[in-house]
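Participant: Listed here are the chains, written in short residue letters.
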Amino acid sequence: MHEVTLCKSLLAVVLEKIPPSAMGHKISRIYLDVGQLLFVDIHALRFAFQVVAQQTLAEQATLEIQEILGQGRCSTCQCVADFPRYYTACPDCGNFTLEVVQGEELRVRSMEMEAL
Amino acid sequence: MCGICGCSEAMIDVTQDPKAGSAATAMHSHSHTHTHEHAHTHDHEHSTLLTVEQNLMAYNQQFADANRAYFLQHHITTINLMSSPGTGKTSLLTKTLHDLAAEQLMGVVVGDQHTDFDAQQLQTSGALAIQINTGHVCHLDAHRLGHVIEDGRFDNYQYLLIENVGNLVCPALFDLGEQYRVVLLSVTEGDNKPLKYPDMFRHADLMLITKMDLLPYVDFDIEQCIRYAQRIQPQIKVLTLSTKTGAGLDTWYQWLLQIQPT
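Taken in order, these protein sequences are the chains called G and L. For the first sequence, position 75 (counting from the first letter as 1) is numbered 74 according to numbering that gives the first Met the number 0, and the numbering increases by one without interruption. For the second sequence, position 250 (counting from the first letter as 1) is numbered 249 according to numbering that gives the first Met the number 0, and the numbering increases by one without interruption.
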């Protein structure tokens, strides 16, 4: 995963969402969903964000990261199973026919702003 | 000057196409603030919560969407070719251009960190081949591709072949706006690569197993490699070929021709 690239993108997303009415405010918290299947290095992400956000209204923002565990539905036997990696076999029928239900998220859910 | 990457090339206004949508607008007005369709606010002590609900790759995605709209508008079949360094992308594309140029108008954009060796080789076919040098960056992204196509030089082309930077990891993450993704894997690289690099194979339409002329000299189990790839992408198509001997090239050309919209 390109943690620095993700953070540049994250920064662009949150800075663009600052409404004109937020004069004199900074971003204090950013809520993110990160899917398990993407194997994002969370430590590297936090560090990269600190660097990338310097001298912006997001430079003091805390990243609140929710990991979304991988889950798949088997197209052969219809069972729902944990799906920690893309090449996980269905635990019931053994086929490699699990389709992702969740675990690929890379989403900014919301952000908090506070007075500077 | 482009406010994102600092280049001085002018932008084509694809917003004239109603199909281009708001993604294209975003490309031209980086400092433009958008209104929130779903924003809700509530004051909690001195902080305000704003709904965002945006994908982290939205930044690249908006350029990819604009590129895709342009390719659709001009009926250009666009293919993103990816592989490790040295798998044979340039050789295969050069041979393809030599063999098909009489029938089909094909252009190439090729990415490398440094040098224009690849563009020079591709140009021996007589085709238009544009080199992008990414410097320390290890993949092509939609913004860079957008700059290459924005002057309309590929407007009348039937195919745009994009040879990505040689790298089996990072290019997979960056939608360029292509219609098809082709991943190349040579028999000298090992048959377990689809499992080791699942992100690359997960969204591939076609896997080309190259350098088949070397198969007698390496331990590469083709059937096993295909099985692994199908675990990651059950619908993946697989073709085997050797650019050197010409074996299997006809199947690759067949695939190329049949994906063209009628």
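No wet-lab data here; the hints were simulated from the structure. One thing to keep in mind: the hints can contain errors.
Stated by the list, open to error - Label-pair distances were calculated between CB atoms; the ranges are:
| hint | chain 1 | residue 1 | chain 2 | residue 2 | range |
| --- | --- | --- | --- | --- | --- |
| 1 | L | E102 | G | N94 | 27 to 35 Å |
| 2 | G | P90 | L | L213 | 34 to 42 Å |
| 3 | L | L256 | G | V79 | 23 to 31 Å |
| 4 | G | D32 | L | P260 | 46 to 54 Å |
| 5 | L | Q112 | G | L68 | 47 to 55 Å |
| 6 | L | G189 | G | F46 | 30 to 38 Å |
| 7 | G | R108 | L | N191 | 31 to 39 Å |
| 8 | L | T250 | G | F46 | 31 to 39 Å |
| 9 | G | Q53 | L | D154 | 35 to 43 Å |
Note that the Cβ used here is the ideal one computed from N, Cα and C, for glycine as well.
Participant: Now tell me if each hint is right for this structure.
Facilitator: Do the hints match the structure? See the list:
1. For E102(L) and N94(G), the Cβ-Cβ distance of about 42 Å falls outside the hinted range of 27 to 35 Å, so the restraint is violated.
2. Between P90(G) and L213(L) the Cβ separation comes to about 39 Å, which falls inside the hinted range of 34 to 42 Å.
3. A hinted range of 23 to 31 Å for the beta carbons of L256(L) and V79(G) is inconsistent with their spacing of about 41 Å.
4. The given range of 46 to 54 Å is broken by D32(G) and P260(L), whose C-beta atoms sit roughly 37 Å from each other.
5. Separated by about 36 Å at the C-beta atoms, Q112(L) and L68(G) break the suggested range of 47 to 55 Å.
6. The hinted range of 30 to 38 Å is satisfied by G189(L) and F46(G), whose Cβ atoms lie roughly 33 Å apart.
7. A hinted range of 31 to 39 Å for the beta carbons of R108(G) and N191(L) is consistent with their spacing of about 37 Å.
8. Our hint of 31 to 39 Å for T250(L) and F46(G) is violated, since their Cβ atoms are close to 47 Å apart.
9. Q53(G) and D154(L) have their C-beta atoms about 42 Å apart, which keeps the hinted 35 to 43 Å range intact.
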